[in-house]
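Student: Use the sequences and the hints to build the structure in full.
Given next are the chains, with one letter for each unit.
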Amino acid sequence: MTPEFMDTYFWPLLFILGHIGAIIGCILLVMAYYTYAERKVLGAMQRRQGPMTVGPFGLLQPIADGIKLLSKETIIPSQASKVVFLIAPMLTFALALVAWAVIPIDAGLALADINVGILYLFAISSMGVYGIIMAGWASNSKYAFLGSMRSASQMVSYEVSMGLVIVTVLLCVGSLNLSDIITAYRPWWMQVLLLPMLFVFLISILAECNRAPFDLPEGESEITGGFMVEYSAMTFALFFLGEYTNMILMSAMTTVLFLGGWLPPFNIEALDFVPGFMWFVLKTFGVMFFFLWARATFPRYRYDQLMRLGWKIFLPFTLIWVLVVSGTLIYMDALPGQLE
Amino acid sequence: MLQPLAFYLFSLVTLLSATFVITAKNPVHSVLFLILAFFNAAGLFVLLGAEFVAMILVIVYVGAVAVLFLFVVMMLDTGFAELRKGALQYVPIGLVIGGVLLAELIFIYSAWEFAPSITNNIASPVTAESNTVSLGLLLYTDYVYAFQIAGLILLVAMIGAIVLTHRQRSGVRRQKIKEQNTRKRDDAMEVVKVTTGKGV
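From first to last, the protein sequence lines are chains A and B.
The first sequence runs 1 to 340 under our numbering.
The second sequence runs 1001 to 1200 under our numbering.
Any given hint could turn out to be false.
Claimed, not checked - Capping the alpha-carbon separation at 30 Å, the derived lysine-lysine pairs in DSS-like fashion look like this:
hint, chain 1, residue 1, chain 2, residue 2
1, B, LYS1025, A, LYS82
2, B, LYS1176, A, LYS312
3, B, LYS1184, A, LYS312
4, A, LYS82, A, LYS72
In case anyone wonders, no lab produced these hints; they're calculated from the structure.
Tutor: Here's what the structure looks like:
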């Protein structure tokens, strides 16, 4: 090995691999304790205790669950399309992890600070639907198929309004780079203008992650678990991991787009002593709590209500809001300065 | 070294999956291979430095068009074997069409002349702006009419599809949200004093 080879390829590669490993490690840890938090929060909201027995306060419960899933048998239905059946959960989990490459946790602390970061995130999250469709089709089971059909139409519908919400933010910011989106100066009226979009986005990410009250693809009371009805052990665990990682990812995306990422809240200078990533993590946790809160609060939507909300309310509303935001920006002379 | 490696990887997978699209026995597998081909084509665009086009390719084709494609193909309940059986009789026509297209391509390629300004620009022009910005500046200034017309054509296509498939059926029970929300207590119930032994 020449030293040149080591300098140009080996060390950078090792550094990138280490970075990836660190990100994945952190996410898996957060994800494991997110399932624990979910059960505790739901418990508290329903006046029960949640997991209590494994470890102090049930803290080892996620680890016990993981070991249980690892040690179970992976059952592949005899009529299933085997390759697609096995690829589907892997794809779901891989896509949920891949998207983290562009999330800036602190100033300059992203694996890849690419120019089109937000488009990359949107592209990856729009591909998430394939894992579910493939799972539903490959299982060769009616319930699984119904679940995946529901999921496909739901995710495609809500992506439309999510895309338009992202457009309104981009109009204000003038860059597709996630770090630029966070650091761009936004006067108070811009924040007020984006506030309704924050709510639309929060509801859309619930639908995009197939979470309650939009968890129709699972719908355990009508289609017995939907697209993952045939999955067991590790294949099920991968879906589970993918779903929770996606929720954390969507929370991080909300933090980047609307909540100011690693900056202290309201840019209060006195709070600067707290390191930036702490703010990022706290804000993301806040949005993650919203997922659980919504699940504990709302009953499941009916399918036609879900479609109505997506197409007849969110789509026109966000479309009009794009016009409102761009009109206001022109009126206030605040268009991001490329064309002055 | 890494870039050529990535290029060959992406193009190999693109070509292979494109081949599998037409040779796969099961239509669903074909669509899945098509998606893989799209995705790798996006990878090739990234290597060209056209990251905006790459991302839009993934968002539009992989994330939306192909999903609906897959949706439809999965719902089709035709016997795949039956579909295969009749396929052989169309081979001559297919060959003729393919041959005509190939001949046309060859004619075009042999007669095509590049303007000197294009040949000088084969390597991507180096600009200070990211290619998203430069694309936007071009689309909304020099090509704004073409851009608007393209949008209009898409809109017409969409409305056309809706008009063609929308049916007015009688006897469909629909939920009328507005009526439900404007309903008052007086519309729905009536308080009756019931005298004992007489009923309502």
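Student: Are the hints correct? Go through all of them and say.
Tutor: A quick look at each hint next to the structure:
1. LYS1025(B) x LYS82(A): Roughly 15 Å separates the two Cα atoms, so the pair holds.
2. LYS1176(B) x LYS312(A): Status holds; Cα separation ~13 Å.
3. LYS1184(B) x LYS312(A): 24 Å, holds
4. LYS82(A) x LYS72(A): 19 Å, holds
In this structure, every one of the numbered hints holds.
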